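**Student:** Sequence:
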Amino acid sequence: MSVFRACKNFIGLEEAVNAMAQEESDQEYDVVILPPDPAIVTDEEEGDDALQLSDLPREVSGILEVMRRRHDSTEWEDSDDESLANKRSRQDSRDLVPKWRQFMPSYSTSYQLPDNTCSSRKSQVINQLQGFSPVEIFEKIFDDEIYAMIIRNTLLYAGQKNRHDIEIDQDDMRRFLGVLILSGYHKLPRERQYWSYDEDLGISLVTNSISRNRFLDIKRNLHLVDNSLASASQDKMFKVRPLCDMLMQKFSQFGVFHEDISIDESMIKYYGHHSSKQFIRGKPIRFCYKNWVAASSDGYCYSFDLYCGKTAESSKAPLGTRVVKSLLNKMPTIPEEHTVYFDNFFTSCDLLRDLKESGYKATGTIRDNRTKKCPLRPVNIMKKSARAEFDYKFDINNELLLVRWKDNSVCTIGTNFDTIELIGKVNRWCSQNRQKVDVSIPRLFLNYNKGMGSVDEMDGSISLYRVSIRGKKWWWAIFTYLLDMSISNAWRLHTLVGSECLDQLAFRRHIARNYLQLRNCKKSIP
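Just so we're aligned, residue 1 is where the sequence shown starts under this note's numbering, counting upward by one.
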């Protein structure tokens, strides 16, 4: 090991000499002139080889490195060495070995809500949207900026395909979307049958609004991005990325006005060919695009991220951890205001600890192989226990609580803020007594059941009246999904604001009829 260590780097020799002259100690220093980077072209300076302090060049090529012995004062410690030591100390403090004890949880962090809490933001949303019609609320999300983007790229694509005779304005695009929205609750086997003259097929509201050829022309040329930019992008969702980014801004324009946030996956049904398509065995939708979603407890989507498969970026963090952090970073949240819930795909002790350090309260079901060797009662033994029995351990180093509870099956939950008490009650069917009985349940399980499941709520509202008109473009299913999700969010805002709110079917019908009744000055025969 060398007796010298690097102290500081200087650009000029005079600067280095002045710095050494200011030191009070008589310590000997070594000055090393490092050559410049070979890739950097510099002007060379010529000087006398017998260089004296009275005749110094203003600058030198490359960098000066001043070194001194280790036993001297620590005032000139190398910045790189210091940062490495700090990194190691921080890493040691973060990676504390879990110390599991049979203690009731005691958390050092106290969560104090700021003045501008979720309830005040919710009141602002209600005041801002008070008296708005369903169309006006929907167009707070799907607004003129989005329509202009779609029309601009659609006309650009039509021009690239030498279809210069097509003209589209915002009313044309609204009528086009009106047909798509109507197809969600008024399904016909084929899209052309909406313009049929047969009494049992044709819909006069559609035929009087937009011609069949006009609808098909818009659908054929519909685009959301400039295709000429595709070569510069490695994004597999390049075709829909502009719309995704704009919608996330619209979803969060009011801030995050719910305390509980749930993170889960949402499936977009698709049977065509694409490298991002997933096959998930045992799911209701097996062939699909996967969409990561962060939603409120009532199903309002705040942020989402279309899954494109494994990326080239190397990261040691598990996929679930990266997804949770990415979705939360896209939301304009004040961490101390919110509680985050997720299932066992995402949960790990490291994630719970990281979220705690960021200020988020978090709870999630956790797999047995991610419990950091927590000495909970084994699952196979818990299965033989009586219903409502539970076991718990608290990590006093990282302040994490794990609880394993026996219900119909054994479930384990981890949390960085919640507790076991007060014990609640849930109603369960008892096969022995042939009746429902009250079963004890730890508090964190009750809170988890209350806060989790919002993404399923959103999926349910989308699936009820999903756009039924299909397309040949691989991204068509994503486009119609985003349209349905925008309507679902608008309906959630409507129910939040209105005292006499419409159900989702009436809300969609109101938008579809309003769009299809827009005056069409360019009507043509189908």
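In short, the hints are calculated from the structure, not lab data. Mixed in with the good hints there might be a few duds.
Stated by the list, open to error - Here are the computed distance ranges between Cβ atoms for each label pair:
1) S133 x Q160: 34 to 44 Å
2) D245 x L205: 17 to 27 Å
3) L502 x S228: 42 to 52 Å
4) K310 x M104: 51 to 61 Å
5) H274 x N449: 53 to 63 Å
6) Q253 x E500: 43 to 53 Å
7) Q517 x P284: 15 to 25 Å
8) E136 x R377: 34 to 44 Å
9) L502 x L188: 34 to 44 Å
10) L188 x R163: 42 to 52 Å
11) P375 x K473: 47 to 57 Å
As the list claims (entries may be wrong) - In the DSS-like style, the derived pairs of lysine-lysine whose C-alpha atoms are separated by at most 25 Å in a straight line are:
12) K236 x K269
13) K310 x K330
14) K187 x K473
15) K277 x K473
16) K161 x K236
17) K269 x K316
Here the structure is a predicted model, which means the values were calculated and not measured. Built from N, CA and C at the ideal position, the CB exists for glycine as well.
**Student:** Each of the hints needs a verdict: does it hold here or not?
**Tutor:** Cross-check of the supplied hints:
Taking 34 to 44 Å as the suggested C-beta distance range, the pair S133 and Q160 conforms, at roughly 38 Å. The hinted window of 17 to 27 Å between D245 and L205 is violated, with their beta carbons roughly 33 Å apart. The hint said 42 to 52 Å for the Cβ distance between L502 and S228, and at roughly 43 Å that hint holds. Evaluation of the 51 to 61 Å hint for K310 and M104 yields a failure: the beta carbon distance comes to about 42 Å.
Under the hint 53 to 63 Å, the C-beta atoms of H274 and N449, about 36 Å apart, miss the expected range. Checked against the hint of 43 to 53 Å, the C-beta distance between Q253 and E500 comes to roughly 25 Å, which is inconsistent with it. Distance hint check: the CB atoms of Q517 and P284 are about 36 Å apart, inconsistent with the given range 15 to 25 Å. Remark: the range hint 34 to 44 Å for E136 to R377 is contradicted by a beta-carbon distance near 56 Å.
The hint said 34 to 44 Å for the Cβ distance between L502 and L188, and at roughly 24 Å that hint is violated. Hint check: L188 to R163, Cβ distance near 27 Å, so the stated range 42 to 52 Å is violated. Between P375 and K473, the C-beta spacing of about 54 Å keeps the proposed range 47 to 57 Å intact. A threshold of 25 Å between alpha carbons decides the hint, and for K236 with K269 the separation of about 17 Å falls inside it, so the pair holds.
Note on K310 and K330: the hinted pairing holds, with a Cα-Cα distance of about 20 Å set against a maximum of 25 Å. Proposed proximity of K187 and K473 is supported: the alpha carbons are some 21 Å apart, at most 25 Å. Taking the CA atoms of K277 and K473, the gap is about 14 Å. The hint holds against a cut of 25 Å. At most 25 Å may separate the alpha-carbon atoms for a hinted pair to count; K161 and K236 meet this at roughly 23 Å.
Distance check on the hinted pair: K269 and K316 sit about 30 Å apart at the alpha-carbon level, beyond 25 Å; violated.
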